[in-house]
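Residue-level listing of the chains:
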Amino acid sequence: MTLDIRDLVVEHRSPGRPVVRAVAGASLTVSPGEVVGLVGESGCGKSTLARAACGLNPVTEGSITFEGRPVAPLGLRRRRETGIQMVFQDPYASLNPRRRVGDQIADGLRTARDTAATPADLLERVGLPRDFAGRHPHEFSGGQRQRVAIARALAARPRMLIGDEPISALDASAQAQVATLMRDLAVDAGAGLLFISHDLSVVRLIADRIAVMYLGKIVEVGDTAKVWADPRHPYTRALLGAIPRPDGMGVLPAELPGDVPDPANPPGGCRFHPRCPLVMDVCRTEEPGFGPVACWLHEPK
Amino acid sequence: MTSRSVLDISGLKVSIGGREVLRGVDLSLTEGRVHGLAGESGSGKTMTGLAVLGLLPHGARAGGRIALGDRDLLTLPPKELNRVRGGEVAMVFQDPATSLHPMLTVGRQLTEHMRHHLGVGKAEAKARAVELLGKVRIPGAEDAYGRFPHQFSGGMRQRIAIAIALACSPKVLIADEPTTALDVTVQAGVLRLLRGLCDELGLAVLLVTHDLGVMSAIADEVSVMREGLVVETGPRGRVLREPEHPYTRALLDALPDSSPESPESPDSSPEPSGSSPDSPPGETS
Numbered sequence: 001m002t003l004d005i006r007d008l009v010v011e012h013r014s015p016g017r018p019v020v021r022a023v024a025g026a027s028l029t030v031s032p033g034e035v036v037g038l039v040g041e042s043g044c045g046k047s048t049l050a051r052a053a054c055g056l057n058p059v060t061e062g063s064i065t066f067e068g069r070p071v072a073p074l075g076l077r078r079r080r081e082t083g084i085q086m087v088f089q090d091p092y093a094s095l096n097p098r099r100r101v102g103d104q105i106a107d108g109l110r111t112a113r114d115t116a117a118t119p120a121d122l123l124e125r126v127g128l129p130r131d132f133a134g135r136h137p138h139e140f141s142g143g144q145r146q147r148v149a150i151a152r153a154l155a156a157r158p159r160m161l162i163g164d165e166p167i168s169a170l171d172a173s174a175q176a177q178v179a180t181l182m183r184d185l186a187v188d189a190g191a192g193l194l195f196i197s198h199d200l201s202v203v204r205l206i207a208d209r210i211a212v213m214y215l216g217k218i219v220e221v222g223d224t225a226k227v228w229a230d231p232r233h234p235y236t237r238a239l240l241g242a243i244p245r246p247d248g249m250g251v252l253p254a255e256l257p258g259d260v261p262d263p264a265n266p267p268g269g270c271r272f273h274p275r276c277p278l279v280m281d282v283c284r285t286e287e288p289g290f291g292p293v294a295c296w297l298h299e300p301k
Numbered sequence: 001m002t003s004r005s006v007l008d009i010s011g012l013k014v015s016i017g018g019r020e021v022l023r024g025v026d027l028s029l030t031e032g033r034v035h036g037l038a039g040e041s042g043s044g045k046t047m048t049g050l051a052v053l054g055l056l057p058h059g060a061r062a063g064g065r066i067a068l069g070d071r072d073l074l075t076l077p078p079k080e081l082n083r084v085r086g087g088e089v090a091m092v093f094q095d096p097a098t099s100l101h102p103m104l105t106v107g108r109q110l111t112e113h114m115r116h117h118l119g120v121g122k123a124e125a126k127a128r129a130v131e132l133l134g135k136v137r138i139p140g141a142e143d144a145y146g147r148f149p150h151q152f153s154g155g156m157r158q159r160i161a162i163a164i165a166l167a168c169s170p171k172v173l174i175a176d177e178p179t180t181a182l183d184v185t186v187q188a189g190v191l192r193l194l195r196g197l198c199d200e201l202g203l204a205v206l207l208v209t210h211d212l213g214v215m216s217a218i219a220d221e222v223s224v225m226r227e228g229l230v231v232e233t234g235p236r237g238r239v240l241r242e243p244e245h246p247y248t249r250a251l252l253d254a255l256p257d258s259s260p261e262s263p264e265s266p267d268s269s270p271e272p273s274g275s276s277p278d279s280p281p282g283e284t285s
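Sequence order for the protein chains is A and B.
Using my numbering, read the first sequence as starting at 1 and increasing by one per residue.
Using my numbering, read the second sequence as starting at 1 and increasing by one per residue.
Think of the hints as simulated: they come from the structure by calculation, not from any bench.
Where hints are given, some of them may not hold.
As the list claims (entries may be wrong) - According to the in silico footprint, chain A covers these stretches of chain B (three or more CB under 8 Å from chain A):
(1) 130-138
(2) 153-162
(3) 181-187
All C-beta atoms in this analysis are idealised placements derived from N, C-alpha and C, irrespective of residue type, glycine included.
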């Protein structure tokens, strides 16, 4: 088991505001060479979970271990754990505009004490020409920038790659390519990949397992094909049912009523019950604390 | 169909800095119908929308004709065009987080152009604004009037942006990727809203989107653009199920297979390396 997240709770505290439990007891594992897709609506805490897994957010409760050792939230300049690398959402913000991309990739190589590889080799691996190393980020398109960001993350020889919505800032035409590239590179290197996205169609393309998150909890985990073909949690069903299909039939996708509730004040019982079409009495009072499908309809016997 | 054409674009050409981005686009929008404009990024679909509103980037030159009734929007003097913009032709942009002004209340943004275009008084504008907020199904419309954009979720913000666009009872609504920035569950609601408003108010909608699923859900006609040209136009069912143009077929084939098995087959081949931008044909998802 490479990355093991257990009963993770992350709270955001800001003065004058109620404490927000962005992640409220989530468990997830990612094995080497495995691609796990984490999906959910915006505001469900998936990015917070990813940042905590990387040591960028302090953990309130629960544990995150990587290869048996806890992931400690260290300052950026004295990170000891470089086995986990992250690719951020917006390559326009995550790359330093004033440094050549080759130098930025070289930072990663230095972290891994890798003297054999050069930045040009890494550019080649992400499908960019070798001589682009001398260029600055503004000379690239969005998709190419994200490739550079991936190259930089790979340079540190990660054993775990985390992508926090790495494709949502890209043009539609580049999204599938960049996602598949991340999958291929991570699997080739034998690293695990935790891929976070709200775009289910892309996650389905690259993930081995899908984890569905709702309001700080993981409500369903399963093999991608299984979840796609036979979603069991009502929320997963709603998510999949809302994807419009390009069949030319003019069918309006099903609407999930209501908004994601305020995580500072989550509903009691099952967190999904106010929006659930199949709500029962037990859902309003008791929280389903089991897996892989956290729903009273699918309680393990 | 007894509906009549509201906006006719014929032979629209736009060049920016000597490069032709639109090379003769023909489109026609009819009352109460949604016309979808598909194509990958860089194909000129957004430019087409912007040209209708005279919002082309600085230095762009446009030729051809955009006829709204008997007026040609391309040759209209700026003052007249200002009367059309936001009045008869309105636009909804991709990202409601940036298209709404963060420091003005929703009510202010809803009434400002209403008072300008329609010349209505303060109280009347407010009443209309609250009614509009109700129409786009914002809960607690009266309260929402005095709140700021950051107090709403993404889907609610896009609904507000739609309400603003509808405030002056436009004939034509241009929606540029109106649901791309939203979650799928929220997208479904906004699509239903757009479709309902189109049917109810007899709006002519130009829906610019790369998402063929969205297209299939609400468009009546579909046009597919490539490199500044419309390569195929037709009713939704025909274009999406029996495409005539090979490019349309390539777009449809590039979609993740909708059958449940085979999650292992990434149908997007890795893009050929090179200095080309990330847009080989047939890669739109």
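Q: Closer than 8 Å, Cβ to Cβ, for at least three residues: run that test on the stretch 130-138 of chain B against chain A and report holds or violated.
A: It is violated: at least three residues are needed, and the stretch 130-138 of chain B offers just 0 whose Cβ sits closer than 8 Å to chain A.
**Q.** Given coverage of the stretch 181-187 of chain B by chain A, tested with a Cβ cutoff of 8 Å and a minimum of 3 residues
**A.** It holds: at least three residues are needed, and the stretch 181-187 of chain B offers 5 whose Cβ sits within less than 8 Å of chain A.
Q) Are there at least three residues in the stretch 153-162 of chain B whose beta carbon sits under 8 Å from a beta carbon of chain A? A) holds (count 4)
Against the hints set out earlier in the document, a violation occurs for number 1 only.
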